[in-house]
Amino acid sequence: SQTIHQWPATLVQPVGSPLSLECTVEGTSNPNLYWYRQAAGRGLQLLFYSVGIGQISSEVPQNLSASRPQDRQFILSSKKLLLSDSGFYLCAWMGSGEAFFGQGTRLTVV
Amino acid sequence: DAKTTQPPSMDCAEGRAANLPCNHSTISGNEYVYWYRQIHSQGPQYIIHGLKNNETNEMASLIITEDRKSSTLILPHATLRDTAVYYCIVNTNDMRFGAGTRLTVKP
Numbered sequence: 256s257q258t259i260h261q262w263p264a265t266l267v268q269p270v271g272s273p274l275s276l277e278c279t280v281e282g283t284s285n286p287n288l289y290w291y292r293q294a295a296g297r298g299l300q301l302l303f304y305s306v307g308i309g310q311i312s313s314e315v316p317q318n319l320s321a322s323r324p325q326d327r328q329f330i331l332s333s334k335k336l337l338l339s340d341s342g343f344y345l346c347a348w349m350g351s352g353e354a355f356f357g358q359g360t361r362l363t364v365v
Numbered sequence: 811d812a813k814t815t816q817p818p819s820m821d822c823a824e825g826r827a828a829n830l831p832c833n834h835s836t837i838s839g840n841e842y843v844y845w846y847r848q849i850h851s852q853g854p855q856y857i858i859h860g861l862k863n864n865e866t867n868e869m870a871s872l873i874i875t876e877d878r879k880s881s882t883l884i885l886p887h888a889t890l891r892d893t894a895v896y897y898c899i900v901n902t903n904d905m906r907f908g909a910g911t912r913l914t915v916k917p
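Quick mapping for you: the protein sequence lines, in order, are chains V and E. When you read off a place in the first sequence, starting at 1, and then add 255, the result is the number in this note's numbering. When you read off a place in the second sequence, starting at 1, and then add 810, the result is the number in this note's numbering.
The following block holds chain V by itself, in its conformation from the complex:
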């Protein structure tokens, strides 16, 4: 069966520090992969999506970037975090139908 792993579950980082969140999928090949951010009390904001290795579509211009070095690996990065980067980050994959979400990373930038 397909599973999605996202880590860490929680993270506290100082302003200006780098960020790397990793998401991996098992049990499927060539999935569409997504990164979302959710601020407290708000909806899901699509940040990046990828339909294949090395193919990244950016939705929101900001200091975040994404990479897909392998078919089932999706990485969200930042060189220098801002306070406004705090939020709940979710990775998801979509196969032939429904989407599956990871458990999320709650990032607090201090």
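Since the hints were made in silico from the structure, they are not lab data. It cannot be assumed that every hint is accurate.
As the list claims (entries may be wrong) - If you want a taste of the chain E side facing chain V, the calculated C-beta under 7 Å gives, among others: (1) Cys822; (2) Pro831; (3) Gly853; (4) Pro854; (5) Arg891; (6) Asn903; (7) Asp904; (8) Met905; (9) Phe907; (10) Gly910.
Using N, Cα and C, we set each Cβ at its ideal position, and we do this for glycine too.
Since the structure of chain V is already known, use the hints to place chain E on it.
Okay, now just chain E, sitting in the frame of chain V:
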């Protein structure tokens, strides 16, 4: 921007049916309608999807209008655990969520 519009909030009495509407007037002929829900501090959970026929599963029913410009998610017997934010999205590669409907099931 999301291609769907939903009311921001709804209440429902426990044990009654919850009917959650969604407008998707610009939907294309080959786009599916998907419904997800998100319980606080968790990732969204898939509920149901459909193209043009009504669908039913163990969680809910989905009614899609003949012109496909709107749909309704029906939870036949809402429980307190159904309290969540419900999202209706139109499937494209860029899976965009709107603000959803916050459903509160009251005892």
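Against the structure, the hints come out as follows:
1. A distance limit of 7 Å between C-beta atoms decides the matter here; for Cys822/E the minimum to chain V is near 21 Å, and the interface restraint is violated.
2. Of the supplied interface hints, the one on Pro831/E is violated, with its beta-carbon coming no nearer than about 17 Å to a beta-carbon of chain V, more than 7 Å.
3. Checking Gly853/E against chain V by beta carbon gives a least distance of about 3 Å; that is within 7 Å, so the hint holds.
4. Of the supplied interface hints, the one on Pro854/E holds, with its beta-carbon coming within about 5 Å of a beta-carbon of chain V, less than 7 Å.
5. At a threshold of 7 Å, the smallest CB-CB gap from Arg891/E to chain V is about 18 Å, leaving the interface hint violated.
6. Checking Asn903/E against chain V: minimum C-beta separation of about 6 Å stays under 7 Å; hint holds.
7. The criterion of a C-beta within 7 Å of any C-beta in chain V is met by Asp904/E, whose closest approach is roughly 6 Å, and the hint holds.
8. A distance limit of 7 Å between C-beta atoms decides the matter here; for Met905/E the minimum to chain V is near 6 Å, and the interface restraint holds.
9. Annotation: Phe907/E was flagged as interfacial toward chain V, and the flag holds, the nearest CB pair being 4 Å apart, inside 7 Å.
10. Restraint check, Gly910/E versus chain V: the minimum CB separation of about 6 Å is within 7 Å; hint holds.
In summary, the numbered hints that this structure violates are 1, 2, 5.
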